[in-house]
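Visitor: Under the working numbering, think of the first position of the sequence shown as -12, with each following residue one higher.
Hints may contain errors.
To be verified - Distance windows between CB atoms, simulated:
#1 I13 with I34: 28 to 34 angstroms
#2 K29 with L(-8): 40 to 46 angstroms
#3 L22 with I(-1): 32 to 38 angstroms
#4 K5 with D39: 38 to 44 angstroms
#5 I23 with L(-9): 32 to 38 angstroms
Worth flagging that the hints you see were computed from the coordinates, not collected in a lab.
Since this is a predicted model, take the numbers as computed values, not measurements.
The beta carbon of each residue, even a glycine, is placed where N, CA and C say it ideally should be.
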Amino acid sequence: MIILLIIAFFLILIALWKIMKVAIKILLVILIIFLIFLFIYKLPEIIEILKDIF
């Protein structure tokens, strides 16, 4: 019985680890998309600053 509990515990841990890996990838993708949108949103200001410099 104890062995079954240990096996179940490890299976749950493995499942959670896989879910966490996927969740981290999704969060990274969301963060990258957010940064790209932020860059595009700020692009006119950046261009204006560059025009002032050059």
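Visitor: Take the hints in turn and mark each one as holding or not.
Guide: Checked hints:
I13 and I34 have their C-beta atoms about 32 angstroms apart, which keeps the hinted 28 to 34 angstroms range intact. Checked against the hint of 40 to 46 angstroms, the pair K29 and L(-8) fails, with Cβ atoms roughly 54 angstroms apart. Here the CB-CB span from L22 to I(-1) is close to 34 angstroms, well matched to the stated 32 to 38 angstroms. Taking 38 to 44 angstroms as the suggested C-beta distance range, the pair K5 and D39 does not conform, at roughly 50 angstroms.
Between I23 and L(-9) the CB atoms are about 48 angstroms apart, so this pair departs from the stated range of 32 to 38 angstroms.
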